[in-house]
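Q: Line order of the protein sequences matches chains L and H. Take the first sequence: its position 97, counting from 1, is numbered 97 in our numbering, and each next residue is one higher. Take the second sequence: its position 361, counting from 1, is numbered 1361 in our numbering, and each next residue is one higher.
Hints are not guaranteed to be accurate.
Derived coverage of chain L by chain H (criterion: at least 3 residues anywhere in the stretch with Cβ under 8 angstroms from a Cβ of chain H; other residues may be distant) [as the list claims (entries may be wrong)]:
(1) 154 to 168
(2) 192 to 205
(3) 258 to 264
(4) 301 to 314
Listed below are several chain L residues computed to face chain H (Cβ distance under 7 angstroms; list not exhaustive) [what the hints assert, rightly or not]:
(5) Leu224
(6) Leu248
(7) Ser254
(8) Gly285
(9) Ile295
(10) Arg298
(11) Ser343
Hints in this document: simulated from the structure, not taken from any laboratory. We treat Cβ as the ideally placed atom computed from N, Cα and C, and that holds for glycine.
Number of protein chains: 2
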Amino acid sequence: MASPLVDVHTHVYLPRYAEVLRSRSAAPRILTQNGEERLVILENEPSGGRPVGPQYWAREEKLRFMDLHGIDISIVSTANPWLDFFEAAEAHTVAKQLNDDMEEYCASSPAYADGPLKRLYGMGLLPLVPGISIDALLGCIAQIKALPHLHGLIMGTRGIGKGLDDEALEPVWKAIADAGLVVFLHPHYGVDSGAWGEKDNGHVLPLALGFPFETTTAITRFILAGVYDRVPDLRILLAHSGGTLPQLSSRLASCIDHDPVVAARLKHDARFYLGKLYFDAVCYGPEELGFVSEIVSRSERYAPGADNSSFVVANRKTGSGRMMFGTDHPFFPPLSSTEKWKSVVENLDAIDTVSGWDKEEKDGVRGGNALKIFGIL
Amino acid sequence: MASPLVDVHTHVYLPRYAEVLRSRSAAPRILTQNGEERLVILENEPSGGRPVGPQYWAREEKLRFMDLHGIDISIVSTANPWLDFFEAAEAHTVAKQLNDDMEEYCASSPAYADGPLKRLYGMGLLPLVPGISIDALLGCIAQIKALPHLHGLIMGTRGIGKGLDDEALEPVWKAIADAGLVVFLHPHYGVDSGAWGEKDNGHVLPLALGFPFETTTAITRFILAGVYDRVPDLRILLAHSGGTLPQLSSRLASCIDHDPVVAARLKHDARFYLGKLYFDAVCYGPEELGFVSEIVSRSERYAPGADNSSFVVANRKTGSGRMMFGTDHPFFPPLSSTEKWKSVVENLDAIDTVSGWDKEEKDGVRGGNALKIFGIL
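Next comes chain L alone, as it looks inside the complex:
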């Protein structure tokens, strides 16, 4: 099979979910203004939300986007904020319905290159809201595992109300790892908007900074809780190339060194755990991509029994095996429609020009890695 292009970061509001958003009177909601539908994801969003259309829910629009950009296969996930705003019982019901909807969305999609693969695969949802029972979460994991076209699940950063370092979630991590599902960790809330100041910068600060800060905080708290020491096989894919964790990882290790409470809790140097993570390639630059692959490779230096007697330059090739192309479709559309999305072209160019990656690594990041990691091949 020729090397396919696979998109692991691509979202949808399934029709059932879009209907829920239309029925709501508070964010997140879809409202109609001057005959145009607008999505308001957060209260007090700049510019009163963004225009939305069928690219957010219609499968033919997803396929059209894929065709335009040469994307062979997409692993589609519900967009934020998922089920965060539901009460527990309703979140549970809707999660099961949406998981079935997503299976149908994928199962009935066209075949890829007339072979056994589909063009669409999906990620499921867990009802991660306060008050949910762990049994309900385990039930949904079993449901997702049993749905043949779902190969992972997407989640935000709040867990069941106390974040991802909540000890109550331990059985959930174990069940996800045992089911062989990939967790796609994705931001929604950013950080306290007081940090952005008074000047009108549109969506730039919450999206360019707030989103990656949120992801970084969530996964760092997860790492500090020591979950990887107890569930070493859990596979977590970080949105936006890991936010800022790669650049802060040595600082994190140094700060841990100075805090006995945390140092005593963890089995390994913080940089070791970065080698357990997966990263989408949604960071728009070849230098950023190359750096992330270096940081992943570097984790070997901190593996148990590693020979640290002399310094070895991190090999970007190894690290690239945990990185996967993504688009963030249908968010961030170009200002003028119909043409190719500049952000997608940039992400593909970035993969193509990473210093230290050869064709094999680039093909892996473009699609081969995703098929292997999600267990689609």
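Starting from the known structure of chain L, arrange chain H on it as the hints suggest.
A: Then chain H, alone, in the frame of chain L:
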């Protein structure tokens, strides 16, 4: 002259400042507990603050630390939170006093290698608090410029209450640039501590993540305000290797592309402005350092008139010219005293092992760059 080791990130609470901290009943303060002095920098600090001793104020302790680690010259700055907690009039008075104190601290320090240089140079303070007059700030800039051993000034992220994108500060940036002083931008507040969750992680999250998030937000807002387009010669040194701005810079550029308000305001791609910044080398890993130097070099690709017809790999050597060794002394001491500081050894090892830097670049980062950039040579 042999290549010296110069520390550009090294702090002091001058005796006059330490006395102020001792006199206070709210953070920031120094209090005495069981016969031991403790520094509480922020209210509700984990573990009730940290022990402090003469390494925070005594010049002989600074020199002892420098001797132990082979540091030839230090460019010393007041530690956070500077004058942030004073009323305007008092902030103005104390700024002038502390600038004179810092001059004396440096001017009477030992000579470096029996030559014309001293072992200590300093940075001044501006009374950056709400209600201060711009004239008072300009007066302090003139004072600092006139003090022969001060070559820069340190500041936090709040400006005079509205951050560094406050239009009221434009004359201040122009005056600093005209005076040829380096601005050392340093964090203090982090981000909303609600993000850190309930688990006891000591100081790890606010220091490892909150500090770099704060610096990144402040400099990004500054860039988005277009100040560099109007004051292109302003030299800003970012603490902790620029926080997370390097890893987010292509994402920032992409988000700006999608927000016409900001895109129309700026003359250049966001990545261009990263080539105007200076970075300390306080990030504890060779991969991080190499990456920052790549991002600085990459800015040339976005310079006016640059030839973008084919992709050129960013040359880490050029970028290294804006990077400078630092220690963060006296913060983050080792858990056991007397021996060499692990964090300092790590930062020196990191410089020594950056892939793509030769001896010339490493010597530059260790000290040559600092002497040139601060105008000490």
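Q: Could you run down the list of hints and mark each one as holding or not?
A: Hint by hint, here is what the structure shows:
1. Counting residues of the stretch 154 to 168 of chain L whose beta carbon lies closer than 8 angstroms to any beta carbon of chain H gives 3, which reaches the threshold of three, so the coverage claim holds.
2. With a cut-off of 8 angstroms between beta carbons, the stretch 192 to 205 of chain L has 13 residues touching chain H; three or more are needed, and the interface restraint holds.
3. Counting residues of the stretch 258 to 264 of chain L whose beta carbon lies closer than 8 angstroms to any beta carbon of chain H gives 5, which meets the minimum of three for the stated coverage.
4. Coverage of the stretch 301 to 314 of chain L by chain H holds [criterion: at least 3 residues with CB-CB distance below 8 angstroms; count 3].
5. About 5 angstroms separates the beta-carbon of L/Leu224 from the nearest beta-carbon of chain H, less than 7 angstroms, and the hint is met.
6. With a least beta-carbon distance of about 6 angstroms to chain H, the hint placing L/Leu248 at the interface is held under the 7 angstroms criterion.
7. Taken as an interface hint, L/Ser254 checks out: its beta carbon lies about 5 angstroms from the nearest beta carbon of chain H, inside 7 angstroms.
8. With a cut of 7 angstroms, the hint placing L/Gly285 at the interface with chain H holds, because the nearest CB-to-CB distance is about 3 angstroms.
9. Proximity of L/Ile295 to chain H holds as hinted, the smallest CB-CB distance being about 6 angstroms (cut-off 7 angstroms).
10. This hint holds: L/Arg298 has a C-beta 6 angstroms from the nearest C-beta of chain H, less than the 7 angstroms allowed.
11. With a cut of 7 angstroms, the hint placing L/Ser343 at the interface with chain H holds, because the nearest CB-to-CB distance is about 5 angstroms.
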